Each structure stands twice: as C-alpha cells, then as structure tokens.
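Sequence order for the protein chains is E and H. Read the first sequence against the working numbering and you will find it ends at 1239, with the numbers running on by one and no gaps. Read the second sequence against the working numbering and you will find it ends at 663, with the numbers running on by one and no gaps.
Worth flagging that the hints you see were computed from the coordinates, not collected in a lab. One should not assume that every hint holds.
[What the hints assert, rightly or not] Keeping only pairs whose Cα atoms sit at most 20 Å apart, straight-line, the calculated SDA-like set for lysine to any residue is: (1) H:LYS600 <-> E:ARG912; (2) H:LYS600 <-> E:ARG1175; (3) H:LYS351 <-> H:ASP514; (4) E:LYS917 <-> H:GLU540; (5) E:LYS917 <-> H:VAL576.
[Stated by the list, open to error] Rough simulated footprint, nothing fancy, chain E against chain H, three-plus residues with beta-carbon under 8 Å: (6) 512-525; (7) 601-613; (8) 625-632.
Remember, predicted model here, so these are calculated numbers, not experimental data. Glycine included, every Cβ here is placed at the ideal spot set by N, Cα and C.
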Amino acid sequence: MTYIAKPRFHHPSLIENKLGFTRRDYEGKVSTLCAGCGHDSISAAIVQACFELDIEPHRLAKLSGIGCSSKTPDYFLGASHGFNTVHGRMPSVLTGANLANRDLIYLGVSGDGDSASIGLGQFAHSIRRGVSMAYIVENNGVYGLTKGQFSATADKNSKSKKGVVNHDSAIDMVSLALQLGATFVGRSFSGDKAQLVPLIKAAIRHKGAAFIDCISPCIAFNNHAGSTKSFDWVREHNEAVNHLDFMVGRAPITAQYAPGETVSVEQHDGTVLTLRKVAADYDPTDRAKAMGFLMERQAAGEVVTGLLYIDPEAEDLHDALDTVATPLNQLGGGDLTPGSAALAKINAALR
Amino acid sequence: MEPTNVEAPDYFHKVVDCQWACPAHTPVPEYIRMIHAGRYADAYMVNWKSNVFPGVLGRTCDRPCEPACRRGRVEDEPVAICRLKRVAADHKGDVSARMPLPAAKHNGLRVACIGAGPASLTVARDLAPLGYEVVVYDGDAKAGGMIRSQIPRFRLPESVIDEEVGYITDLGPVMKLGQRVDSLKALLTEKYDAIFVGTGAPRGRDLHIPGRQEAAASIHIGIDWLSSVSFGHIDKIGKRVIVLGGGNTAMDCCRTSRRLGGESVTVVVRSGFEEMKASPWEKEDAMHEGIPILNWMVPKAFVHDNGRLTGVMFEKVEPRVGEDGRRKVVPTGEPDQFIECDDVLLAIGQENSFPWIERDVGLEFDQWDMPKVDEITFQSTNPRVFFGGDAAFGPKNIIWAVAHGHEAAVSIDAFCRGNDVRLRPPPGVTLASQKMGIHEWSYDNDVSLDLRFKVPHLETSKALADVKAEVELGFTLEQALAETQRCLNCDVQTVFAAPACIECDACVDICPTDCITFTANGPEDDLRTRLKAPATNETQDLYVSGTLPTGRVMVKDEDVCLHCGLCAERCPTGAWDMQKFLLDITHAGGSGCSR
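Starting from the given sequences, assemble the full structure and let the hints guide the process.
What follows is the structure, encoded as structure tokens:
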C-alpha cells in the first residue's frame, strides 16, 4: 500500500463540472490494494463517470460486500454515502436502501467471490426483481485476499499462478444476468477506460437493474500465462461488439458515422445512448440473440465486451410494487400509520 | 515522436527547473534536502562548489531559479530557494577544514586576474588549487568588487563578504590590492600565461539635461555614491532625495538615502511599475520603508537656484501602441510636474569602460565598443586574454559573473595546457534509484501544502536608524525546515522502463497532476493536445517511451509533475522508478575545488 495521501495539488487546466466540482473532488482515500490492481482503474472510471454526470456526491450511495473489490468504495466518492456490508449480502442491503429512499443513486460494487459464490443467490434475486442500481462486478477470477485460489468465475482449464488447472466450470455473470432479466447488461475491461466510463455512466442513468461485469486483472495472483483474466489474455481475446457514446438529453451526435453504423437508444429519462457498431448485425436490444451470440463467441474463446443488452423501456422494483413516489424515509407518521379505520378498510377488502 | 533519450545529460537537467535556470547550475533540491536533514555544512559546500559565494548570494542573488521553480506552476509561489541558501550559510558552523588546500606546489603557469570581483575571484578559486600562480589586481583596498562596493551593508554585512572572499584568498592567490591596472599592454609584457579581465561595468550612466553642470554638487552617480557610502566616505545626504531609475541600484540608493538622513525619498521611473528592472522583492522592501515609486515620468531639467539644486522637473508620459504595432512612450500633454529635492541620485544604468585597454594589442572591439568575446569560451580575439562577468557582455549580476568565471577558468586551464579551448569537457551525471523498500524512498515524497514562508525583517524604525543593520533576519530554523518541505525534489526523476510496463494504467490513475498518458504516437504538436491534461507549456518537454505491446506509447508531460513518486509506488512491475539526477558541472581541472 501507499503510505502518503495523494497530494491535493492538481493540473492547472483541471476543469469543473456543472456543480463546480473537479474530477479530483470525486476521489476517495488513497488505495490500499496491490500496486497495479485492475480495481483501481475501475475506481478511476467511476470517479470520471460521476464527475461527467455532474452527480452531487450526497445523492449517491455506494454499497459493497467483502473482498478486494468491496474495499474499493473507500477509494472513490469520498463524500458519498457508503455501506460496506456482510459478505455476499450487498444486494439485500442495497434493495432495502432503495426501497426506503428511492431518490438516491445506487451503486453496488462487488467481486466474483462476493457475487458468484457466497452471494450468488442475493445477486440473482436483486437482478430479477429489477432493483434500480448500477451493479458492478470487479471480476478477476481469483481469491486475491486468500492468496490466489480459483474463484467461481475462473474459466475451466485456465491455470493458477502455481500451475494448477481449473477443473470446474465457470459461472458467466453476464449470461446469468441476461437470463435473470437484467435490463442493462455490459461487459468491460479495467484496462479500457474509453469503453468502461461511458458504460458506467449509462448504467448509472439506467432505470432498473443495470449490471456490468468488468474484467479486472489481479496483478498479484492472476496475471500470468495460462490465466484467462490477465491483461495479455483479455487484450488478445477482447471482442467489443460496439462503442458507446453516452449523452444526457438529446444532444446532437458530434462524431460522424456512415449510415447504418450507429444505433441510438433513448432511455426513459431522455438520455441517448449512441452505439457505434463493431460487430455487424449485433442488436443490443434483443435478449435472446444476445445470449446466443455470447455463447457462440465464448465457445470460440473470445471475451465479448461492450453494451450487450439494453431494454430502454425497463421498469424497476418500485413500479412493480406500485410504491408511493415519495421516498419512504420522507413520509410522515400519518402516512406511514394511517390508523385503525384504514386497517379495517384493508381487512374488509381481503374478506 | 522519437523515444526520449534520457541518457543525454540535458534532458533530466531541464526537468530540474531551478538548476537549469541557475547560471552556475547549483544543485538546488540536493542542498535543500541537506538543510532539512540538518546538514548545513554539507548544504553550504554543495553551494560553495557551484556558486562560490553562498552567504553573499543567499542575501543578494537575482534568483533566476525562483521564477523557474516548478512549485510556482503548481501553486502561487516558488520555493524561497535564495533564502534557504542563506540558512545553509548562517548555520554551517566552521567549514574551513572542508575547504580545498592551497596547491602544494606551483605548476609553473601564471594567470593574472584584473579586478577582484566575483568573476575574477571565481577564476582564482578554480585555478589556484590546481597549482596556478594567480595574481589578482584591484584598484580598491579590499577584494570583493561590486559585492563590497555597491551592495549596501543593510543587505549584506561586511563579515559575510570577508569570510567568503577569505576562503579564496586562503587558496594562495597573490592579491595586488590598491593596484589599478592602467594598461593591458603593459600587463601583456609581464610573464602571464593568461589574463582574465573581470573589471565589471564600473561606470554609472550620466544624465545630460539642463542644470546638470550647474547643480553638479548635489547630483550623484548612484554606484559611485553607494561605493563611497560602503567605504565610509559619505555618511549623510539631504532631507529630500530623488532617485532616478528603476533598477536594483535605484532601490539600493533610495533605501541607503533613508538611512543617511533622507526623510522624504522618492524614486522616479520613466517606465511603468511592472516594467521596472528591479526585482519585485526589492521594490517591495523599498516601499515598505516608506519610499514612494512614481512611474511614467521623464526628467526634463534639474532646477537650481544659482547652482543650489531645488528640484527636478518631470514630463508625464504614457505608453501608446503606434500604427506600426510598436509600443512607444509619448507625453500625455499634462502639465509638467516639479518635485522639490536637495539631492539627486542617478541610477539609470551602468556601462562598461575600457580606457585602459589599448586598441593595438590584438584585442578587437565591436561596434558598441565592447570587446569581442566568445560566448562559450570567454576568450577574446587576443588568445591570451579572457573576459567574464559584467566586463564580458555588459551588466548582469553576481551569479552570472560566477558562471562566467567557471567557464573562463576551464578555458584558461585548457589554453595554458595547450589544449583546444573549444573542447568543453562534459559534466558528470549520476542517476541513482531512490528505492529503499516497496513504498519507501530515500527522499521525503510527501508533498507539503504549506504556502511560502516570509523571511522576518528587522523592525523598520531600527533598520532605518543604522545603515549597517541587516534588514532581513533570515529564516528561523523552524521556518526554514518547513520551507524546505515545499521543494518538490524535481531532481528525483521519474524514469520509465518500457519493457517492464504491462499498461495497467495504475500510474495514470494515481498521478495527482495528470502528467501521464498512454496513447497512439504522433508528432509533438498533435500529442500535446491529446494528453490526459493538455500540455500547453511548450518550454517543458514531453517524455515519450518506445512503442509498447498495445502499439501505444507512454507520454509524460514534465510540466507540473510533483515528483511525489506515486506512479512508481503504484507500478506493479517497477517500470517506473524514482532516480536522483545529480549533475557535476565541469570545473577547471575536475575536482580542484574540493578537498
């Protein structure tokens, strides 16, 4: 770990966003992770995304479980709300928080151990319920804190640092999320911020369960030949299906693309996602085809990245439960306990 | 861009902005760290080797290092480098045992130095320990030149001059003081293998306007007057004084006047306040002593009453941009302004003066009547005669004189040994890793956020009462230690080894000042616009690596790097390392000036 705090001095040209904050204002404490950890790059991408989205720090809650990845919320958005929960239980706590205060932006940060092993059930149910959140799994395929055992996302036949070959099948979080009904699914790579930052921005602005599987090489235990989560492997096998330009509002597209090269998707809140196609015929709004494409490319040994699926008409848990528009934590006593007459009315309706 | 060649001694030298800007290339961050470590004598000797007069310069230097200081681009003000130098000098204790010994025996070569100012004394210091018989001539009774004659005692106590001049005279040069050289021709007939001319710019410029002759008794040439004050020939001046001129000599004149009975002292300058040549801190000190500075006023006439000066008439002017785009100073048309006074001090410039150099000794002069001197070797067209200091290229300052002296000594040494003076031996360069542990460095990489500390001053009433009372008291040790921590250690370089890089972005993410970018290569102009933060300061280099496995290059903009070492701390493969760059500037005979 680094002993000194990151100096406050910054480049003289550092710009401010609409709120008057610089990117540096969205940072947290200095990271205690190993030097070169992919997770630190993801933290930097989250910082950049929140800065660009002009997010007021007090309007965002970051929740995490246990693990290297789950430590990272300490290293970004130092002025936001945070909850470092029990191992694998972040989705439940996030769901509860979201129900109590629907006005906050929820950022779930987890890892492959936290979400694909101990918390797999929690992950699954938060996705299928459509909790409005940006759920990022910092996926390195290894248990770094316990010195490098395979995690549940390690690919079958990949090798550990010690040379052991993994016998177990891998859990593919992206396929799982698609199957479970996530309305926004992306995959990215910590070493590609040009792809990752817009993806995080779009996920944050998505209404519904937005899931990003971000491959994040573990420098200490999973960046060797034979690993399928190393910098070299991911760079060699990365197949981006599209490049995302994220825009708030109906801003004109400044980059000029030939007709048919781009797809624009407008979300509920008016944000426009412009996708520059890389893989011909890839349609990110077709869940079944997306799943098929993923299976096919995965079998060919490729790591498919980009915005893989989006449902622009997505609804969330609050829509399903038909909850009141006012956050529960702002309702007064009279609203929350309407009295015996109201209870009698409800009971009568159930007879 | 081609990959940066960091092996070239200049590349990392330029990154150490202060050292690069210092004419004598003093290793500033090195001695500042020594001060922080309490190694005042070591810090002093590092200075002494480079700039010969640390105690003098720590009080009077023109400080080209400070405007260059990287700290000034990161926050408001540069490190107080000059005043830290003084701290080293004030607290060093007895360093006589560290000084080089006089040469055990002469090498049979004789060098004459004309003038005993900073340039000549530097030549003497560099050459005497090598065995040269150096003979120093000066018209004054004491050595030091303008350091002793022109700088007021309230800025520079005589004891400091005596001490530092003494370190040189202890090396055994023959000091022929009180012996002004009146003929170079005559000196050339004496058996000197080389002659160094370090006679400065001794003539103060006069102002020929009406009344000059008649009121001559009350109109004084600034540098001559300062010299007379320094040597005790003058100890008072009229109650109302006008100082004409806007340079540092003008500031010395007005402040000295305040101490010699001048109650109402006014500085009048023909330019604007910002354009004045005086250093900002000297203007500040003058104004602090109740001296108004009036700008945009041109003296028209000395007004007198039968030879008794009564005042000066000024025309008011203003700058105006003419049709040719050039700025001109033109009269405003307002009525002239008369300022009463008893004495006038002229500090409107200095000139060289070589009446003692005959024009038939093989030494050519140019169209401005200045000797033709080679800018690198300091040799004149008479190969035995070398120039340095103000005598070479006109008035500059002490630190330039010292730098000239070093270079001239290198030339003289080569010349006397029959070598080509144009072959300049390269400086010694060392680059050593500062890594002590995984996240430990042999320098303190934590960046202090303190603002510049102010040097305490003597109470004004006490300062004005005594022309010899030093105004600046120097930093207290507590202040000095805090000020040292403002130094960014720019000599501890970020060195990048492309083969080790795995392009994980850790350095990009941690860098507090967005210096590092991994991107496609391109021409410099284009690259400068494509970096994480635009590199608009073109005086600062881009450090470009060779091509990395992804086809990109690493580009680091040196401009506002804090040298905090976080890139190296966060680098998993040691591709970044913090390495201390030390430049051993070439001195005559190598290490002649260390024991």
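In rising order, the numbers of the hints this structure does not comply with: Hints 2, 3, 4 are the ones this structure does not satisfy, whereas the remaining hints hold.
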